[in-house]
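Peer 1: My request is simple: use the sequences and hints to build the entire structure.
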Amino acid sequence: MAGELMLAVEGLWKVFGGILAISGVSFNLHRGEVVGIIGPNGAGKTTLVNLLSGFVKPDKGSIRFRGERVDGLPPHKIASRGLVRTFQIMRPFHSMPAYKNLIVPLNSPRVRKTRAGALGDLDSVAIDILEEIGFERDARVPYKTAGSLPLGYLKRLELARCLAMQPEVVLCDEVFSGMSMSEIASMIPLLEKMQMNGITLMMVEHRLRELFKLADRVMVINFGEKIADGPPALVMADPAVKKAYMGAEGQQ
Amino acid sequence: MTASEQRKKRIERSITVRSRSIYALSSWREMTFLLLPRAALVASLCILPLVLGMYWQRVFCAAAIYAMLALAFDFLAQFVGLVCLGLSMFIGLGGYISGGLNHYWGWPIWLSIPAASLAGAVLGTLALVPCLRLRGVYFAIISFMLPLFLVSLIIATSILGSTEGISSLDNLPNIWIEQYLIIGALLLVLFGFRRLVTEDFGVILQGIKDNDQAVKASGIDITAYRIKAVFLAACIGSFCGAYLSHLYGWLGLSMFAMDFSILPIAATVMGGMGTLAGPVIGAFILTPLSEGLRGFGQLRVVLYSLLLLGFILYKPEGILNYLERKYFQFERWEKV
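Protein chains in written order, with our numbering: chain A, 43 to 294; chain B, 2 to 337.
FYI, nobody ran anything at the bench for these hints, they're computed from the structure. One should not assume that every hint holds.
[As the list claims (entries may be wrong)] Computed cross-link-like contacts, DSS-like style, restricted to lysine-lysine with a CA-CA straight-line distance of at most 30 Å:
1) A/Lys-186 x B/Lys-9
2) A/Lys-119 x B/Lys-210
3) B/Lys-316 x B/Lys-336
Peer 2: Here's what the structure looks like:
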């Protein structure tokens, strides 16, 4: 499935005070794909998300989003183009009701432009998005203060914030971490629905079994380098990947 | 019956049960219930100058100025997340610009005050822009140093009257304009801010305070929003400064005094942080109090500090939050 080329990353480098976080990573993302990024702890997965979303500036290499260079742009400009991210540690606006959290992305220049001339207040748009992502309107969950919501809802709120941006590509930084099996099971249809709506997903994950249900392709990162890229079954059979995950002794 | 057999039962008035801030009004009774505290505040502000003597009218003006500064502080601290310890910079900028325009170029006050409010806001904002990327205590420290920097600048270069100040500025035409101009401005700022923080603009600022990274990830330029918020606060402060210079017909380095930075913060703590109306109430209690305690000389500062300590220790929620709670709750004793 080679749709429109959404994201083209070439030779990305990032060094943090002498430690090589990302070295020469290149890959492409096409429209509608779900790509998983996996790798051991400290491999540089979150750094990759930070680089793509502009929160960290790369030292070398280029990032093209729909053909245009975005590396070096500030985070809000990148997000405004439709390349949005979630945070591994959820960052809700904790003092506001959940639905007010979405007033912020709904006021971004990107969404304002597409909504130009549309009537109706943003609060109801926000509540519709939350309901779509699994906030029970009847139970008044959208009205509860974000700081008081349990983890599962906070993860959903992170995704809702991305959805409110009307994204093209969503970079998910460990949306499944800390969730129970049943919570994950209820999240998977939401992500599938996003994919069906033409959103490209790049998912950094530790929960491999759940990821493989969704992902068309998996990339493995170890010590900042991409060591494998391909369909999940092939990648996991790769000896280099086994070595990275199990350690050298795992081979014996 | 002893106290142990009874307990106090608190019942929320049904009107607040519907929501924290959205009311579905069904009767005149409910509407009056909500309007009464607001009307009482507005009415008492409007009536006070009529019953006060000459001396206390001046104190009233000072209280109103401190109240507006407290509003600016509360807005920046609680709704934008910027703790500004240098409010006196805005007073000084507004005062010196308005006084300068009036003294050197003979601008009438109805031109110099608005011009100084805007020019002071622009300069004050420009001075703070480089440190807007700083968070928490670092912004506070820089904002605290800026007025000291301006004072040294004026003394070192002997401009704008240096340590002498500039006297014989035009006064406000009469006592009624003097009083009601500042009351009007105060009410405008108070109700304006209360409205603003619930608008989308205010929600985004609140978002920046809660979590600036998530606001960036939502495609919003946080620096642009912070600049707008600082501009508003600076504009209010500069207006107060401009007004003050014409109220006394004199301006000097005391416009950069720490009082203008510290008292509004104390008023905010006392009145209730994040309530907007609270800081106004705090300023109208603290300013007359510090005037009334003048007879105690140096002891005044001690009494004043004790009062503040008491508030921080025993009523950290502030006066307004306390009153609001009492207003919205019935209390009655019932058997256990």
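Peer 1: Taken at face value, is the distance from the CA of B/Lys-210 to the CA of A/Lys-119 at most 30 Å?
Peer 2: holds (20 Å)
Peer 1: For the pair supplied as a hint, B/Lys-316 and B/Lys-336, is the alpha-carbon distance within the 30 Å limit?
Peer 2: The hint holds at about 29 Å.
Peer 1: Assess, step by step, whether the Cα of A/Lys-186 is no farther than 30 Å from the Cα of B/Lys-9, and give holds or violated.
Peer 2: Answer holds: A/Lys-186 to B/Lys-9 is near 28 Å, not above 30 Å.
Violated hints for the displayed structure: none, as all numbered hints are satisfied.
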